[in-house]
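Sequence order for the protein chains is R and A.
The first sequence maps to residues 1 to 302 in the working numbering.
The second sequence maps to residues 303 to 751 in the working numbering.
Don't read these hints as lab results, they were simulated from the structure.
One should not assume that every hint holds.
Said to hold, decoys possible - Cut-off 35 Å, straight-line C-alpha distance, at most; resulting in silico cross-link-like pairs (DSBU-like, lysine-lysine):
hint, chain 1, residue 1, chain 2, residue 2
1, R, Lys249, A, Lys540
2, A, Lys555, A, Lys409
3, A, Lys555, R, Lys249
4, A, Lys494, R, Lys150
Claimed, not checked - So the derived label-pair ranges between C-beta atoms look like this:
hint, chain 1, residue 1, chain 2, residue 2, range
5, R, Ile32, A, Ser375, 25 to 31 Å
6, R, Tyr291, A, Thr335, 55 to 61 Å
7, A, Ser371, R, Tyr33, 27 to 33 Å
8, A, Gly493, R, Asn141, 38 to 44 Å
9, R, Lys150, A, Gly493, 19 to 25 Å
10, R, Val229, A, Asp565, 27 to 33 Å
11, R, Trp160, A, Leu508, 25 to 31 Å
12, A, Asp546, R, Val229, 44 to 50 Å
13, R, Trp70, A, Lys575, 40 to 46 Å
14, R, Ile32, A, Thr335, 35 to 41 Å
Don't be surprised by glycine CBs; every beta carbon is placed ideally from N, CA and C.
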Amino acid sequence: MEKIREKYDKHVVASSYLVLAPQIIGLIVFSIYPVFWVIRYSVYHYDGITASFAGLENFIRIFTRDSGYWMSILNTFIIAYGKLIIEIPLSLMAAMLLSKKVLKCKKLFSVGFYMPNVLGIAVSAMIFTFLFSSFNGIINNFLIFAGIIKEPHNWFSDKWSAMTVICTHSIWVGFSTNMLFFMAGFQNIPDDLYEAAEIDGASKIKQFFKITIPMIAPTLRIILMLAMVNGMKMTNNVLLLTNGGPAGKTNVVMLYIYKAFFETGAKAQYGYASAMGVVTSVIVAIVTLAYLRISKKSANVY
Amino acid sequence: MKKVLAILVTAAICISFSGCSSKKGAESNRMATVRVWSGSGATKEAMTKIIDEYNNTQGKENGIKIEYSVFTSDYNTTLDTSAQNEQLPEIMKVPGAETKEKYAKNKYVVPIADMPGGSEFLEKYGEKAIEGIEMFDGKTYVVNTEVTTIGLVYNKDLFKAAGITDENGEALAPKTWEEVREDAKKITESGKSVYGISFPMKDYGLVAQWMIEMPMQATFGMDYTKIDYNDLTYDYSKWEYAFDFINGIKQDKSYFPGAESLDNDTSRAQFAKGRIGMFIGASWDVGVLTTQFAADCDWAVAPVPVAAGKERVLQPVGLSSGYCISNNALKTDKEKVMEVYKFLHSDDLQALLYEKQLSIPKRVQVVQNAKIEQMLPQWEMFGSFVPNEINRRAVPTLKLEGDTYADVLMKVWVGDLSSKEAVEQLNKTYNNALKKGVEDKSVDVNVYK
Chain R
1 MEKIREKYDK HVVASSYLVL APQIIGLIVF SIYPVFWVIR YSVYHYDGIT
51 ASFAGLENFI RIFTRDSGYW MSILNTFIIA YGKLIIEIPL SLMAAMLLSK
101 KVLKCKKLFS VGFYMPNVLG IAVSAMIFTF LFSSFNGIIN NFLIFAGIIK
151 EPHNWFSDKW SAMTVICTHS IWVGFSTNML FFMAGFQNIP DDLYEAAEID
201 GASKIKQFFK ITIPMIAPTL RIILMLAMVN GMKMTNNVLL LTNGGPAGKT
251 NVVMLYIYKA FFETGAKAQY GYASAMGVVT SVIVAIVTLA YLRISKKSAN
301 VY
Chain A
303 MKKVLAILVT AAICISFSGC SSKKGAESNR MATVRVWSGS GATKEAMTKI
353 IDEYNNTQGK ENGIKIEYSV FTSDYNTTLD TSAQNEQLPE IMKVPGAETK
403 EKYAKNKYVV PIADMPGGSE FLEKYGEKAI EGIEMFDGKT YVVNTEVTTI
453 GLVYNKDLFK AAGITDENGE ALAPKTWEEV REDAKKITES GKSVYGISFP
503 MKDYGLVAQW MIEMPMQATF GMDYTKIDYN DLTYDYSKWE YAFDFINGIK
553 QDKSYFPGAE SLDNDTSRAQ FAKGRIGMFI GASWDVGVLT TQFAADCDWA
603 VAPVPVAAGK ERVLQPVGLS SGYCISNNAL KTDKEKVMEV YKFLHSDDLQ
653 ALLYEKQLSI PKRVQVVQNA KIEQMLPQWE MFGSFVPNEI NRRAVPTLKL
703 EGDTYADVLM KVWVGDLSSK EAVEQLNKTY NNALKKGVED KSVDVNVYK
């Protein structure tokens, strides 16, 4: 009996590896191997054809002479974390509405809330540039009609209104994913907790803060971590909405690196751009680890 | 049963793969295949027809088959990767003087004189090659065939509606930058939802080079950005005039709104709809305004304006990428490669492309001898801007740390820098980069002196 089981396991294991092999090979060749190349480029001056060893010069330049890079890091933090202030409560509320037996046409709303995500970042960003356009843009026309402003506001002319547009777009596209995570988290809360609280005379609000929030704390922890990491990787929507904003003021770090890599033509400074990539990944790693450390408590709530 | 099905399906897939192989056969033994690469999507259709005709007539006689490939996106990256893997085609278009310099230094491309019949070819087409643009280290690698001319594109209807007309009641295009500012203001005030001028600042690199630097060279000469190779200094002081002009337009609010998020395509689409009075355009706009965004309005082309009180000193043109011969050509039939090279530069081919309104030839003789009956007046106007002698100047490739002149233009537009501050910052950034380039020997100033 044991012998037969061993054979069966080996067969399963072997075919599992075979099935996974294309994925793993792809991951190694296209994701992991290039990382080593980037680290290698970062210690050279490289313009695409000739390379000269630079040692730590690129890194020194980042830390002493490149204010644009640190501005882009600051912008990234502001956008990625600032939008969470609105996005998390919004997704939580949407998840609550769709989980409880409150709404009649729940399925319709679920689909409707998820549509922005299906539309995709690129298409919705193009639509947003038309919505917020100064000439005949719907948002401006609506605000004028409602009497809030007198003449069309140029949303992309200064840093903070451009950031507002970027955050709005990001929230609109992204809140449905978090909403789904929360809904999954709600499934894990046993109903008898609520019943017990009801019997003890707790109000709905108290139930929410004392039962719901603590019970979804592990889910919330993961969602916040994902939102932070994805926020730091944001490029496409900023590129399409503002292209780095009026004179580079809404540059986010990945967009800044992308421009340093691909938009300098024959004067390419691949070595410098790779060094920026290395520094950025270290920063993201530090932030994530710090966050996981601080929020360790919430994983062991119950 | 399942196994049989699996085998049948596999066999079917294998058979369909075999259809992918191409027929080579005995033909290739006599014919030499010369590969030509280009990044120009606009001329693809016409060029493919011309190449096919050549292959069926002269090509068959001389035993040459041209394989013409167009890469409309990521052409630069394709070229770079092929260059590093020694897989460049025999002849290819290489964009930009810096890329040509890179390739020449690394011997990916060969001097034309090294090819059979190359020196005679250079005598006819080489003219006065300039070190740093067509010549590198004293050897000529490319002879440009096409140019892009610039002009002021304006909407005649809006000019007439604003009352800017000559004695016959025809729209009067502005001749100086001061008149541009005045006319833009008049047009903006003349109606609802119309604006005098448009600057698509989302594409600020394009604006800086094609709408500010090149037009200003018509007044101030090629030395608009003055570079002193003895002191190793850049002098951007003449740019103050352009920055003041931009600030004037901003003050009058006579530009199409939302300029920071306006890209060139949207700007031209709005012009086609008749909402913009004028913009600084180039010969490529003729195709855009006739096929891509067919203009609803009556539009025309005038020479670019000059500064008030000054004379026009030259006609600025942009040099399109030219054909280079790669080192792979040395391994094949050199004479046949040279035949194809001569064909690509022939006056007939350039005249054909000019008459089809696809590209403007560099040689003024071709322009003057072309048949103009089928030509749009606007295209003819752009063609008339080709100068007898192409003015161009080689500039060093610098590793800049900081804002380029395009970035600074954007900062002036949003009001972050005054005209004077912008000039100071540009001088500082470029001076540092030039000095550093000379120090680490990546720039050889003797080339440019």
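Status of each hint after checking the structure:
1. R:Lys249 - A:Lys540: Within the cut-off at roughly 27 Å; holds.
2. A:Lys555 - A:Lys409: 52 Å, violated
3. A:Lys555 - R:Lys249: Judged against 35 Å, a Cα distance of about 23 Å means the pair holds.
4. A:Lys494 - R:Lys150: 16 Å, holds
5. R:Ile32 - A:Ser375: 25 to 31 Å: 27 Å, holds
6. R:Tyr291 - A:Thr335: 55 to 61 Å: 60 Å, holds
7. A:Ser371 - R:Tyr33: 27 to 33 Å: 29 Å, holds
8. A:Gly493 - R:Asn141: 38 to 44 Å: Hint violated: Cβ distance 19 Å, outside 38 to 44 Å.
9. R:Lys150 - A:Gly493: 19 to 25 Å: The hint (19 to 25 Å, Cβ to Cβ) holds, given that Lys150 (chain R) and Gly493 (chain A) are roughly 20 Å apart.
10. R:Val229 - A:Asp565: 27 to 33 Å: 31 Å Cβ-Cβ, so the 27 to 33 Å window holds.
11. R:Trp160 - A:Leu508: 25 to 31 Å: Taking Cβ atoms as reference, Trp160 (chain R) and Leu508 (chain A) lie about 27 Å apart, which means the hint holds.
12. A:Asp546 - R:Val229: 44 to 50 Å: This hint holds: roughly 47 Å between Cβ atoms.
13. R:Trp70 - A:Lys575: 40 to 46 Å: 43 Å, holds
14. R:Ile32 - A:Thr335: 35 to 41 Å: 40 Å, holds
Consistency with the previously given hints fails for numbers 2 and 8, ordered from lowest to highest.
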